[in-house]
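> Residues per chain are reported as follows:
There are 2 protein chains.
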Amino acid sequence: MPNSIEVNSNLSVDCVIFGFDGERLNVLLIEEKDIGQGLLRKRLPGDLIHKGEGLDEAANRVLFELASLKNVLLKQCHTFGDPHRVNDEKDKKWLEIYRNNPEERVVTVSYYALVKMANFVPNPASFAGEALWQNIQDIPELAFDHNEIVEVALWKLQRHFELSKIGYELLPSKFTLNQLQQLHEAITQEELDKRNFRKKIVREKIIEATDEKQEGVLHKPARLYRIKPGQSALGN
Amino acid sequence: MPNSIEVNSNLSVDCVIFGFDGERLNVLLIEEKDIGQGLLRKRLPGDLIHKGEGLDEAANRVLFELASLKNVLLKQCHTFGDPHRVNDEKDKKWLEIYRNNPEERVVTVSYYALVKMANFVPNPASFAGEALWQNIQDIPELAFDHNEIVEVALWKLQRHFELSKIGYELLPSKFTLNQLQQLHEAITQEELDKRNFRKKIVREKIIEATDEKQEGVLHKPARLYRIKPGQSALGN
Chain A
1 MPNSIEVNSN LSVDCVIFGF DGERLNVLLI EEKDIGQGLL RKRLPGDLIH KGEGLDEAAN
61 RVLFELASLK NVLLKQCHTF GDPHRVNDEK DKKWLEIYRN NPEERVVTVS YYALVKMANF
121 VPNPASFAGE ALWQNIQDIP ELAFDHNEIV EVALWKLQRH FELSKIGYEL LPSKFTLNQL
181 QQLHEAITQE ELDKRNFRKK IVREKIIEAT DEKQEGVLHK PARLYRIKPG QSALGN
Chain B
1001 MPNSIEVNSN LSVDCVIFGF DGERLNVLLI EEKDIGQGLL RKRLPGDLIH KGEGLDEAAN
1061 RVLFELASLK NVLLKQCHTF GDPHRVNDEK DKKWLEIYRN NPEERVVTVS YYALVKMANF
1121 VPNPASFAGE ALWQNIQDIP ELAFDHNEIV EVALWKLQRH FELSKIGYEL LPSKFTLNQL
1181 QQLHEAITQE ELDKRNFRKK IVREKIIEAT DEKQEGVLHK PARLYRIKPG QSALGN
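Listed in order, the protein sequences are those of chains A and B. The numbering of the first sequence is this note's numbering, which starts it at 1 and goes up by one. The numbering of the second sequence is this note's numbering, which starts it at 1001 and goes up by one.
Watch out, some of these pointers could steer you wrong.
Here are the simulated SDA-like cross-link-like pairs (lysine to any residue), alpha carbons at most 20 Å apart as the crow flies [as the list claims (entries may be wrong)]:
no.	chain 1	residue 1	chain 2	residue 2
1	A	51	B	1099
2	B	1228	B	1178
3	B	1194	B	1221
4	B	1165	A	161
5	B	1165	A	159
6	A	156	B	1163
7	A	156	B	1159
8	A	116	A	165
9	A	156	B	1076
10	A	165	B	1162
11	A	156	B	1158
12	A	200	B	1205
13	B	1093	B	1145
14	B	1075	A	152
15	B	1092	B	1102
16	A	156	A	134
The hints are simulated quantities; they were obtained by calculation from the structure and are not laboratory data.
All chains, full assembly: derive it from the sequences and hints.
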């Protein structure tokens, strides 16, 4: 990172980007570049904010700088300010190398988004080792309190999903009930009973059957559904 | 404020305390002490956070220091970080008097709560002029971006209310449908049609009629209702 930019040394942003691949929920992680100090660890894309930079602006910049992602609809999630959140032994070495004041308390504002993985292929920045999608059920120990930041973002995503069905736009424009169930299961992280799920979905009156069926499948083709017209406010 | 405490000069908290008086929604405001500089203005209770102090801790401290309020269930709301949020002309004089670095950008983490006004009587700190409940429909121009902070908190409160009926605990344990409608109207800031409101409430199955009626009223006493047993998770 260039040293000429003035940063707010105790304010950062971190982004929790959830990616849906049609089946499962993943989170975008950055793997540190191996500089031979045993620092090969994973973390969320995040960075200190620049002087004079807005918070949303910083979150978008970070996502572009670290993973080459653009046009992600980020939503502010939660601000983490535990005075000791960066003082864990496991993070000490990294801070000593990368920060001017490794002891200084850092408050971080987290952001989250839910995207269709096929549309967002991350490329690591030159100073990051890797930018990768990690299955939500398989997240290792991350830097700082990033595991907690992911948990809070997942909770908010789930709550938002229950309330306003964000995420339906990640499905094809016509989809099977199985595909819809997979989206629900991926986001809620719960296995759902097929019959109960279908009853609930019918009750909600958000989708409707089309005259079409799946094509090119080996099994009996399933009916295709779509979001009802007028339900286009979904996702807000 | 004592000068001996080290503060984070670019991090603050601000509290939006909504108070319900049985009829209307109010917001707790602090009126600056008149120090003869034309600085008599109103603002939210808030302050810079201390070094080594957590965010929740800071919000609780500020509320106690400025308005003598304790045990308010604060919820983190939103973080405001516009680089120019404290650079408005109207705030300049105040900053010059009260801040070491009046030009410095301040990011503020806002908190909100909804309380029964009768239980929380604010007393101003010695360095505040007044701590007062102001009707939400009658809020003057506040310091910095505090009007925006109130708006965002109101929006979150309304959304949370729709979703999980927080606030029902502000009613007496047995209440009339009129009282419940007043609570709804105060929080949503909308006038509701009595018949439609009653239909909606019945549909939601959250309350039930008791055998009791109002006592000591001049008009025809109304039926008393209560929250159904098992709905006690309300407010989370």
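> Next step is simple, just say for each hint if it's right about the structure.
Cross-check of the supplied hints:
{"no.": "1", "hint": "A:51 / B:1099", "in the structure": "holds (18 Å)"}
{"no.": "2", "hint": "B:1228 / B:1178", "in the structure": "holds (18 Å)"}
{"no.": "3", "hint": "B:1194 / B:1221", "in the structure": "holds (17 Å)"}
{"no.": "4", "hint": "B:1165 / A:161", "in the structure": "holds (18 Å)"}
{"no.": "5", "hint": "B:1165 / A:159", "in the structure": "holds (15 Å)"}
{"no.": "6", "hint": "A:156 / B:1163", "in the structure": "holds (13 Å)"}
{"no.": "7", "hint": "A:156 / B:1159", "in the structure": "holds (13 Å)"}
{"no.": "8", "hint": "A:116 / A:165", "in the structure": "holds (15 Å)"}
{"no.": "9", "hint": "A:156 / B:1076", "in the structure": "holds (13 Å)"}
{"no.": "10", "hint": "A:165 / B:1162", "in the structure": "holds (16 Å)"}
{"no.": "11", "hint": "A:156 / B:1158", "in the structure": "holds (17 Å)"}
{"no.": "12", "hint": "A:200 / B:1205", "in the structure": "holds (18 Å)"}
{"no.": "13", "hint": "B:1093 / B:1145", "in the structure": "holds (16 Å)"}
{"no.": "14", "hint": "B:1075 / A:152", "in the structure": "holds (14 Å)"}
{"no.": "15", "hint": "B:1092 / B:1102", "in the structure": "holds (7 Å)"}
{"no.": "16", "hint": "A:156 / A:134", "in the structure": "holds (19 Å)"}
Hint check: no violations occur; every hint is consistent with the structure.
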